[in-house]
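Number of protein chains: 2
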Amino acid sequence: MNRISKSFFPQWLTKDQGDYGTVISTRIRLARNFQDLCFPQAAGPKEQEKALQRIEAFTRQNVQLRLKLQRLQDQDETQRGLLFERGLISMASVQEPDKIALACTPGQNISLLINEEDHLRIQVMQEGEGLTTALETAQDLDDSLGSKLSLACHRQFGFLTACPTNVGTGLRASVMLHLPALALTRGIVQMLKAVLHIGLAVRGFYGEETELRSVFFQISNHMTLGRTEEEIIKHLAGVVRQVVEREEEARRILLKEKRQLLEDKVGRALGILTGCRMLGLEEALDLLSAVRLGMETGVIERIKKPVLNEMLLLVQPAHLQAFAGKSMKAEEQMAWRAELIRKRLKLGKKS
Amino acid sequence: MNRISKSFFPQWLTKDQGDYGTVISTRIRLARNFQDLCFPQAAGPKEQEKALQRIEAFTRQNVQLRLKLQRLQDQDETQRGLLFERGLISMASVQEPDKIALACTPGQNISLLINEEDHLRIQVMQEGEGLTTALETAQDLDDSLGSKLSLACHRQFGFLTACPTNVGTGLRASVMLHLPALALTRGIVQMLKAVLHIGLAVRGFYGEETELRSVFFQISNHMTLGRTEEEIIKHLAGVVRQVVEREEEARRILLKEKRQLLEDKVGRALGILTGCRMLGLEEALDLLSAVRLGMETGVIERIKKPVLNEMLLLVQPAHLQAFAGKSMKAEEQMAWRAELIRKRLKLGKKS
Numbered sequence: 001m002n003r004i005s006k007s008f009f010p011q012w013l014t015k016d017q018g019d020y021g022t023v024i025s026t027r028i029r030l031a032r033n034f035q036d037l038c039f040p041q042a043a044g045p046k047e048q049e050k051a052l053q054r055i056e057a058f059t060r061q062n063v064q065l066r067l068k069l070q071r072l073q074d075q076d077e078t079q080r081g082l083l084f085e086r087g088l089i090s091m092a093s094v095q096e097p098d099k100i101a102l103a104c105t106p107g108q109n110i111s112l113l114i115n116e117e118d119h120l121r122i123q124v125m126q127e128g129e130g131l132t133t134a135l136e137t138a139q140d141l142d143d144s145l146g147s148k149l150s151l152a153c154h155r156q157f158g159f160l161t162a163c164p165t166n167v168g169t170g171l172r173a174s175v176m177l178h179l180p181a182l183a184l185t186r187g188i189v190q191m192l193k194a195v196l197h198i199g200l201a202v203r204g205f206y207g208e209e210t211e212l213r214s215v216f217f218q219i220s221n222h223m224t225l226g227r228t229e230e231e232i233i234k235h236l237a238g239v240v241r242q243v244v245e246r247e248e249e250a251r252r253i254l255l256k257e258k259r260q261l262l263e264d265k266v267g268r269a270l271g272i273l274t275g276c277r278m279l280g281l282e283e284a285l286d287l288l289s290a291v292r293l294g295m296e297t298g299v300i301e302r303i304k305k306p307v308l309n310e311m312l313l314l315v316q317p318a319h320l321q322a323f324a325g326k327s328m329k330a331e332e333q334m335a336w337r338a339e340l341i342r343k344r345l346k347l348g349k350k351s
Numbered sequence: 001m002n003r004i005s006k007s008f009f010p011q012w013l014t015k016d017q018g019d020y021g022t023v024i025s026t027r028i029r030l031a032r033n034f035q036d037l038c039f040p041q042a043a044g045p046k047e048q049e050k051a052l053q054r055i056e057a058f059t060r061q062n063v064q065l066r067l068k069l070q071r072l073q074d075q076d077e078t079q080r081g082l083l084f085e086r087g088l089i090s091m092a093s094v095q096e097p098d099k100i101a102l103a104c105t106p107g108q109n110i111s112l113l114i115n116e117e118d119h120l121r122i123q124v125m126q127e128g129e130g131l132t133t134a135l136e137t138a139q140d141l142d143d144s145l146g147s148k149l150s151l152a153c154h155r156q157f158g159f160l161t162a163c164p165t166n167v168g169t170g171l172r173a174s175v176m177l178h179l180p181a182l183a184l185t186r187g188i189v190q191m192l193k194a195v196l197h198i199g200l201a202v203r204g205f206y207g208e209e210t211e212l213r214s215v216f217f218q219i220s221n222h223m224t225l226g227r228t229e230e231e232i233i234k235h236l237a238g239v240v241r242q243v244v245e246r247e248e249e250a251r252r253i254l255l256k257e258k259r260q261l262l263e264d265k266v267g268r269a270l271g272i273l274t275g276c277r278m279l280g281l282e283e284a285l286d287l288l289s290a291v292r293l294g295m296e297t298g299v300i301e302r303i304k305k306p307v308l309n310e311m312l313l314l315v316q317p318a319h320l321q322a323f324a325g326k327s328m329k330a331e332e333q334m335a336w337r338a339e340l341i342r343k344r345l346k347l348g349k350k351s
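Top to bottom, those sequences are chains R and L.
Quick note, the first sequence lines up with residues 1 to 351 if you use the working numbering.
Quick note, the second sequence lines up with residues 1 to 351 if you use the working numbering.
Next up, chain R with everything else stripped away, as it sits in the complex:
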């Protein structure tokens, strides 16, 4: 149980450099479709297979990209669950994997998702705030694809997509933020309202379907039309910078005026994580958030950053089950989750 191969985790999550920071990760997605095929929802199996084979051929012709293609129906539900929990496929694809495929780099930083909502989605994940570099990576791959395959692109509207909300750039740029101090000082609601007001979207830890109960938030662009990719990124990055400043200000205030409250919250979280024997997912995320806040504000000894990052994934159902090597009911998952965190927190202490 103690030894997990580093390659089990996506590469962007396990970097041991830099600070923890308020921004956990950045995600760039470009939606693309083939000019001569129906959109996946309308396409029959033959057309879907065609789309799939074109990307398969592309990956074979571009081995330097190290994209390994896997059809989702060849994987079991837990393996697909892993991909969902890493933000690479949707929950719908976990349930109905037919004709859907994912081509990934070994570290899962770069991937192509085939036959989900669109024929093709270019996805780039990156640790911390990396909107500009992630966009560049995605654009390079888009250029390669565009030079070899005929993509549906309208002279006036730009790239055409299955859902009209993606037409134009096909870009969804999102940033996962950890905002515990704003949540503690109750500045969070006002801040989220402001973000929504200027046309950005806010989601919970698990994307579209999840509530905003936690202190982890994804902020992303809504608009894909009428702006260039660079403008969208610039706008989002500016907002993220402001949110981060607010969070940092809230942390300074906490440290200055409510240090005891902060130390209490962090100490309790660490105490429960090391002491409990059953742990639900939501509680786990809340407690890990408090520990993270404790380390970032220096009120507790630092734990190795990758260990804490990895735990955000490991506590989730599919990761837990993949790790345990068996399918588990909710109660057994709670026991495993508790044990896993306890052991890894011990491991994670900086020596």
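Keep in mind the hints are simulated off the structure, nothing from the lab.
Some hints here could point you the wrong way.
Identical copies look the same in the list; a pair holds intra-copy or inter-copy alike.
[As the list claims (entries may be wrong)] Straight-line Cα separation of at most 25 angstroms, BS3-like style, residue types lysine-lysine; simulated pairs: (1) Lys329 with Lys256; (2) Lys343 with Lys258; (3) Lys326 with Lys258; (4) Lys258 with Lys329; (5) Lys304 with Lys99; (6) Lys304 with Lys50; (7) Lys46 with Lys326.
Dock chain L against chain R, hints included.
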């Protein structure tokens, strides 16, 4: 902060022998009044002073009893608070100490309370279930007092007391029980109803005024008339034995069928107690109860018994303030309570 003189605590609380057990302590009280003086509520200062001087003379004439008399008005509010929290005086006497005095043995096992509700109350505290021996101790002292002083006693009714509910034997026998497993398995309500139904009283941790929110309960006799002291004790002891059996049965069931739930509860409690930086009284008692349950059921390493017993007192406001050597507001008390428990839990680990 780490060193507290053992003599700070009442002797009955710090014995390091025997098991933890479900019964924490036993208390015997005999209410007595002088034949020729008005009851304290009706008496003027002169009569109250007379009552006081008679007991003072008695303690001087019986030095072998080692009763040291102190007038409550000579003590500060924190010192009186200590006596309240140890069950030796009422909250009313903390607020209005005039003419009230307490004569105690050095270990506070035996005491005489003067001019509270009655002229005299003989009080005996003992660790664990000790109804018979505590009654014997109280009766010996009662005999000594009765042989030298004229006590109000009616041929038919027995001893006369300020409140009619104490007439007869003047005896209140009570036992402090710790019933966490019954509380966890929800058998507690039914059990308490049954105890009330057979004519016994149930109170919370702090006596008459407190609610039954905790898992610490005092069970005592209601009836003082028409039965001998021995009959009252025998009845109470029988009920206590049954309650203890129910609690032990509930613990066996917990261990057998819900060990994980038990380990989770205990582990979380220990985690919070060692991690928190602010702790309220009620939460402290709940968490200490869980730790105690954990040790008694063997799911965690044992902590020295006196350390755990002492903490039940130390977490209370007057004890905290006496210990800190200063008066503190609620928030500061919470911080001290957390620190004190953390340090003493470290100390208390059996080597």
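*Hint by hint, which ones does the structure fall short of?*
Going through the list in order, the structure violates hints 5, 6 and 7 and respects the others.
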